[in-house]
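Enquirer: The primary structure of each chain is shown beneath.
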Amino acid sequence: MPPSGAQAPFVFYASSHISELTGLRASTLGQLLELIREVPGSSIYHHTHRFLQQHQYLSPEPPNDFSYWVSDVLGEDELGEKLASIDTMQFLTIRSLREKIASTIEKYLEDNPLAKLRFSRSEEEFHFIKSVSFVFPTNYVAHDLDEFIQALKKVTIDSIYFHIFEARLRLEKQVNDFSNWIGSAIGDKGLADKISRLDPYTHTLEDLRNKIISLIQKRSP
Amino acid sequence: MIKIDDYIPIVGQSTIDEIRMLAAKMAGRRVQHINSTAVGGGVAEILNRMVPLLNEVGVNAGWDLIKGGENFYSVTKKFHNALHGRREAIDQRDFDIFMETSRENIAKLDISGDIVFVHDPQPIALVEKKKGNKWLWRCHIDVSNPNQKVWGFLMDFIVKYDSAVFSAPGFSQRLPIRQFLISPSIDPLSDKNKELPQEVIDGVLRKYEIVRDKPIITQISRFDYLKDPLGVIDVYSQVKRYIDCQLILAGGTASDDPEGQKVLDEVMEKAAGDKDIHILLLPQNDIEVNALQRASDIIIQKSIKEGFGLTVAEALWKAKPVVASSVGGISLQIKHKYSGLLCHSIEGAAFALKQLLHSPDYAKKLGENGREHIKNNFLLTRHIKEYILLFLSLYHPEDVVNL
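Chains as they are written, first to last, in our numbering: chain A, 1 to 221; chain B, 1 to 403.
Hints are computed from structural coordinates only; laboratory data are not their basis. As the structure is a prediction and not an experimental result, all values here were calculated from the model. The beta-carbon is built from N, C-alpha and C at its ideal position, and this holds for glycine as well. One should not assume that every hint holds.
[Said to hold, decoys possible] Taking lysine to any residue pairs in the SDA-like style, the calculated list, with each CA pair at most 25 Å apart, reads:
#	chain 1	residue 1	chain 2	residue 2
1	A	Lys153	A	Asn180
2	A	Lys154	B	Lys78
3	B	Lys270	B	Lys149
4	B	Lys305	B	Lys275
5	B	Lys25	A	Ser19
6	B	Lys78	A	Glu123
7	A	Lys107	A	Ser71
8	B	Lys3	B	Ala24
9	B	Lys337	A	Ser71
10	A	Lys154	B	Val57
11	B	Lys365	A	Ala84
12	A	Lys154	B	Ser14
13	A	Lys154	B	Ile10
14	B	Lys375	B	Met21
15	B	Lys375	A	Phe136
16	B	Lys134	A	Thr22
17	B	Lys305	A	Gly23
18	B	Lys375	A	Gln53
19	A	Lys154	B	Lys77
20	B	Lys77	B	Lys149
21	B	Lys129	B	Val51
22	B	Lys270	B	Cys245
[To be verified] If you want a taste of the chain B side facing chain A, the calculated C-beta under 7 Å gives, among others:
#	residue
23	Ser14
24	Pro169
25	Ser172
26	Arg174
27	Gln179
28	Leu181
29	Glu386
30	Leu389
31	Asp399
32	Val400
33	Val401
34	Asn402
35	Leu403
I would like the entire structure built from these sequences, with the hints used as guidance.
Expert: See the structure below:
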């Protein structure tokens, strides 16, 4: 088993969010597509990640606001399914995720021109919202994997969310913070890799907490 | 007096720690809430609970009131209705009355806050006193389809604020200032929402001669056309054809609202002769409302228009399955088929009720999901946290803020 002591401690951070309204709204797929291309990245991030925190007891769906609106409001189930099944883990930046969402809608509109005629009712328009994040350190610090497990059991789901989702995609670190620390500071590349291969988008945050704890506890020699 | 730590058993220690940590970032800054009334109405209710809790966690918060006479408040009532999209005859004299009282308040009210937090349109003109401090305007009403004359008048003031806050995305407008979405909340420790012993619930049912021998469907609301109590009776009648059930319509009427009595009379007339319809007039009796919600099998909220519709959050907090119209803030509280059923018509509501009455396991699951959703998103502690973040946002224009 690799040594569990770390070269540098892991400081658990958390992030809290507030929703900023953009005043932009769509009632057709065409408008949705146009606005997806021009809204700030913070808005794409909001609509693809909000559910993870607000509906964290539901696993694994519904995964994003675009999919939910397209299916439930416009009744375009096929496109809704395509948007729901975009594998967010494959994207390292919000820019590339935005492009995938936009091209999925664009292709669907080319293949299904009648879908352009669908309108939402005025009360059910899609409202673009931005996520403003406040990032701050918590009191939990781990110097080795045992302390890491103890802290992981106690931190809020907001902290787990921050290190797994926000650090990787929004802060463009490309890999989640837990894997990064376990790989570099602890030196256990195998364990780091196992954690980074989890698809966090298909777990609730509580499941994710338990899964990571279990992987660390079962780490192989 | 309720303390912030009293919420720990509900939301967890770490949530309260986080609120205290964020509050510490507000050290040295004073927040001054201003509205028009200390009692009555949702704004006063929330400030009465929120201001002491903000101070307890370390945010220096105060609360002041503007003063106005009868003429001023009848004008602001007209503004309120017009902003909700109702037809109102509004002329220059109304704007003059509004400005006259506003000028008196501007002259008299001491503005001492580093952040001045103005609630609703009545005190909106105070922003004329802005001098280097930060100003927030909190709009608690549904302005998705406002009377343009009144909205245009208010816009002259709104643009002078640093940020505006709305309760639902549909209420937002294109504005040249930042605007935030902050939903209202329910207090899980209030009389309306706290856990109740079974004997209290049974006692309330006995008092109103309601026997639990068949499913209970309940709507808690003022007797107001916008809450559609007559439509609820139609819904019940359609369900009753197939499932023997009973209906409770409970709520108050405002004494200064002549229309309320008219609605109540119509409801009584429509319900006459059906002993399974219980019409209960319960002004301001929070424990009884709580007990009736807990005694119900399904809660319905068939409103035609809603500011936010917190009765839905109250019901879901009690893990009750809810059938509700998709209006106002209700669609934020219910994700259709996940945490309740949304409807758009009498027939749709009746169908949803039949589904739930026939599938108790599904109904139970919706209620459980609903309670989790409310716990995560619509409790007072979330509201306090978001207000602190809102205050901090005034000093941080960026989208990712490192504290």
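Enquirer: Compare the structure with each hint and give your call.
Expert: Hint check results:
1. At roughly 19 Å between alpha-carbon atoms, A:Lys153 and A:Asn180 fall within 25 Å of each other, so this suggested pair holds.
2. A distance of roughly 52 Å separates the Cα atoms of A:Lys154 and B:Lys78; the hinted pair therefore is violated under the 25 Å criterion.
3. For a cut-off of 25 Å, the pair hint linking B:Lys270 to B:Lys149 is broken: about 38 Å separates their Cα positions.
4. With a CA separation close to 29 Å, the supplied pair B:Lys305 and B:Lys275 exceeds the 25 Å bound.
5. The suggested pairing of B:Lys25 with A:Ser19 holds, with an alpha-carbon distance near 19 Å, which does not exceed 25 Å.
6. The hinted pair formed by B:Lys78 and A:Glu123 meets the criterion: a straight-line CA distance of about 24 Å does not exceed 25 Å.
7. For the hint pairing A:Lys107 with A:Ser71, the CA-to-CA distance comes to about 17 Å; that is within 25 Å, so the pair holds.
8. In summary, the hint linking B:Lys3 to B:Ala24 is supported, as the alpha carbons are separated by about 17 Å, within the 25 Å threshold.
9. For the hint linking B:Lys337 to A:Ser71, the alpha-carbon distance of about 13 Å falls within 25 Å, and the restraint holds.
10. For the hint pairing A:Lys154 with B:Val57, the CA-to-CA distance comes to about 21 Å; that is within 25 Å, so the pair holds.
11. Pair hint B:Lys365 plus A:Ala84 holds up; C-alpha atoms about 23 Å apart against a cutoff of 25 Å.
12. At most 25 Å may separate the alpha-carbon atoms for a hinted pair to count; A:Lys154 and B:Ser14 meet this at roughly 8 Å.
13. Note on A:Lys154 and B:Ile10: the hinted pairing holds, with a Cα-Cα distance of about 16 Å set against a maximum of 25 Å.
14. Pair hint B:Lys375 plus B:Met21 holds up; C-alpha atoms about 21 Å apart against a cutoff of 25 Å.
15. For the hint pairing B:Lys375 with A:Phe136, the CA-to-CA distance comes to about 23 Å; that is within 25 Å, so the pair holds.
16. For the suggested pair B:Lys134 and A:Thr22, the alpha carbons sit about 21 Å apart, so the restraint of at most 25 Å is met.
17. Distance check on the hinted pair: B:Lys305 and A:Gly23 sit about 21 Å apart at the alpha-carbon level, within 25 Å; holds.
18. A hinted pair counts as satisfied when its Cα atoms are at most 25 Å apart, and B:Lys375 with A:Gln53 qualifies at roughly 12 Å.
19. Our distance criterion of 25 Å between C-alpha atoms is broken by A:Lys154 and B:Lys77, whose separation comes to about 49 Å.
20. Among the hinted pairs, B:Lys77 with B:Lys149 is consistent with the structure: their alpha-carbon atoms are about 15 Å apart, no more than 25 Å.
21. Our distance criterion of 25 Å between C-alpha atoms is met by B:Lys129 and B:Val51, whose separation comes to about 23 Å.
22. Taking the CA atoms of B:Lys270 and B:Cys245, the gap is about 17 Å. The hint holds against a cut of 25 Å.
23. With 7 Å as the threshold, the beta carbon of B:Ser14 comes within range of chain A, its nearest partner Cβ sitting at about 4 Å, so the hint holds.
24. A least Cβ separation of about 3 Å between B:Pro169 and chain A falls short of the 7 Å threshold, and the interface hint therefore holds.
25. Contact between B:Ser172 and chain A, as hinted, is supported at the beta carbon level, the nearest pair being about 4 Å apart and thus within 7 Å.
26. The interface hint given for B:Arg174 is met, as the beta carbon of that residue sits about 4 Å from the closest beta carbon of chain A, less than 7 Å.
27. Using the Cβ-Cβ criterion of 7 Å, the hint placing B:Gln179 at the interface with chain A is satisfied: the shortest such distance is roughly 4 Å.
28. For B:Leu181, the shortest C-beta to C-beta distance to chain A is roughly 4 Å, which falls under 7 Å, so the interface hint holds.
29. Checking B:Glu386 against chain A by beta carbon gives a least distance of about 6 Å; that is within 7 Å, so the hint holds.
30. Given the 7 Å rule on beta carbons, the hint for B:Leu389 holds: about 4 Å separates it from the nearest Cβ of chain A.
31. A cut of 7 Å between beta carbons decides the hint on B:Asp399: the least distance to chain A is about 4 Å, and the hint holds.
32. For B:Val400, the suggested interface contact is upheld, since its CB lies about 5 Å from the closest CB of chain A, less than 7 Å.
33. For B:Val401, the interface hint holds, the least distance from its beta-carbon to any beta-carbon of chain A being 5 Å, beneath 7 Å.
34. Restraint check, B:Asn402 versus chain A: the minimum CB separation of about 5 Å is within 7 Å; hint holds.
35. A distance limit of 7 Å between C-beta atoms decides the matter here; for B:Leu403 the minimum to chain A is near 4 Å, and the interface restraint holds.
Checked against the numbered hints above, the structure breaks hints 2, 3, 4, 19 and satisfies the rest.
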